[in-house]
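The listed protein sequences correspond, in order, to chains W and A.
Going by numbering that gives the first Met the number 0, the residue at position 18 of the first sequence is 17; the numbering climbs one at a time, nothing skipped.
Going by numbering that gives the first Met the number 0, the residue at position 12 of the second sequence is 11; the numbering climbs one at a time, nothing skipped.
It should be emphasised that the hints constitute simulated quantities derived from the structure, not laboratory data.
Some hints here could point you the wrong way.
[As the list claims (entries may be wrong)] Using C-beta positions, here's what the derived DEER-type ranges look like:
| hint | chain 1 | residue 1 | chain 2 | residue 2 | range |
| --- | --- | --- | --- | --- | --- |
| 1 | A | Phe-22 | W | Ser-60 | 21 to 29 Å |
| 2 | W | Glu-49 | A | Pro-178 | 24 to 32 Å |
| 3 | W | Gln-135 | A | Val-52 | 16 to 24 Å |
| 4 | W | Pro-12 | A | Phe-17 | 21 to 29 Å |
Note that the Cβ used here is the ideal one computed from N, Cα and C, for glycine as well.
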Amino acid sequence: MSKFKKDGKRKTPGISTASLPDIVFMLLFFFMVATVMREVTLVVKVYAPEASEVQKLEDKSLVSFIYVGKPVQHLKAKYGDDDRIQLNDAFGEVNQVGDFISISIEQIAEYKRKQHIVSMKVDEDARMGIVTDVKQELRKANALKINYSTRKATAVAE
Amino acid sequence: MIRETPEINAGSMADIAFLLLIFFLVTTTMDVDSGIVRKLPPPIDPNAPIPDVNKRNVYTVLINSSDMLLVNGEIGDLKYLRRNVKEFLTPHVPDNANFPSTEEVEVDFIGKYNKSKGIVSMQNDRGTSYKTYISVQNELAAAVRELRDELSKQYFGMDFNTLLKTDEDKAKSIQEAVPMAISEAEPANFGGTK
Numbered sequence: 000m001s002k003f004k005k006d007g008k009r010k011t012p013g014i015s016t017a018s019l020p021d022i023v024f025m026l027l028f029f030f031m032v033a034t035v036m037r038e039v040t041l042v043v044k045v046y047a048p049e050a051s052e053v054q055k056l057e058d059k060s061l062v063s064f065i066y067v068g069k070p071v072q073h074l075k076a077k078y079g080d081d082d083r084i085q086l087n088d089a090f091g092e093v094n095q096v097g098d099f100i101s102i103s104i105e106q107i108a109e110y111k112r113k114q115h116i117v118s119m120k121v122d123e124d125a126r127m128g129i130v131t132d133v134k135q136e137l138r139k140a141n142a143l144k145i146n147y148s149t150r151k152a153t154a155v156a157e
Numbered sequence: 000m001i002r003e004t005p006e007i008n009a010g011s012m013a014d015i016a017f018l019l020l021i022f023f024l025v026t027t028t029m030d031v032d033s034g035i036v037r038k039l040p041p042p043i044d045p046n047a048p049i050p051d052v053n054k055r056n057v058y059t060v061l062i063n064s065s066d067m068l069l070v071n072g073e074i075g076d077l078k079y080l081r082r083n084v085k086e087f088l089t090p091h092v093p094d095n096a097n098f099p100s101t102e103e104v105e106v107d108f109i110g111k112y113n114k115s116k117g118i119v120s121m122q123n124d125r126g127t128s129y130k131t132y133i134s135v136q137n138e139l140a141a142a143v144r145e146l147r148d149e150l151s152k153q154y155f156g157m158d159f160n161t162l163l164k165t166d167e168d169k170a171k172s173i174q175e176a177v178p179m180a181i182s183e184a185e186p187a188n189f190g191g192t193k
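Just chain W, with the same shape it has in the complex:
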């Protein structure tokens, strides 16, 4: 009788999922823009120490990475349990650091070469001996700007 009386036969309409792809694409584009492709497979375990006085590495193309740490679990049997150096995708020796640096400097545009920086990603349990050897090689190769990669820790308030 009344205007508002229900039909009884009406079903609730299904929610349209047509805009779902749009939402997902939006997420996809966000991740594509905000992220960098993983370039190297780590063969050493690196858990960086904490520090508060950090600076960001601005331009990734100017940075060469040197990793130092113990070999990852599945390579331990083959390579032992001592600290090793990783250059690019494979284990390297101290005397290869110089070559590695000169090759990576050559890949940088000439006018930017002065800004070349070496990022040392060293495991917090590594001993300074091997790190020092690498540093001496870097000095010889004249790659003097280095960055000790660290995890960000909040500065202790005084």
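Put chain A on the given structure of chain W with help from the hints.
Same frame as chain W, now just chain A:
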């Protein structure tokens, strides 16, 4: 009669997009690399004369292979390192024999400034752990940064990092007045090897 063309079913579009999304999630890293920036000294000429540095101008920090600190000949603690280094590097006028000597220099934007001649010399053992090394480096860097902050607040009314973003020339003069006076000696083997 015009036949209506059937619409293409776009229901699986979401699935495809999700697949791509998950692929990118897995293959990418989001971490912003950051760390402590240091400048290595250029390779030394073995014939170069050893620079003559007054003993009172040098603050030595040694780390042995058991990660213990020896600060100016006494057992040191990481907790007090920052405060002590800061005190050491603060220019003391008039001259105080317990602290490094100062030198009056002319700095842009600041004018005449008594610059401390103090140097922190750091040496570590080959067996020192990287973690300890970084925390000492961090404390030393923090001490210098705090000194720069103070000077920057005094002259330009903002802390050093803000100044660095707003006025690079002024930041340079702060850097000139408070240099990052940290020197690293070649590592030795003291306190046993590991």
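Hints and how they fare:
no., hint, in the structure
1, A:Phe-22 - W:Ser-60: 21 to 29 Å, "24 Å, holds"
2, W:Glu-49 - A:Pro-178: 24 to 32 Å, "26 Å, holds"
3, W:Gln-135 - A:Val-52: 16 to 24 Å, "22 Å, holds"
4, W:Pro-12 - A:Phe-17: 21 to 29 Å, "24 Å, holds"
The earlier numbered hints are all upheld by this structure, with none contradicted.
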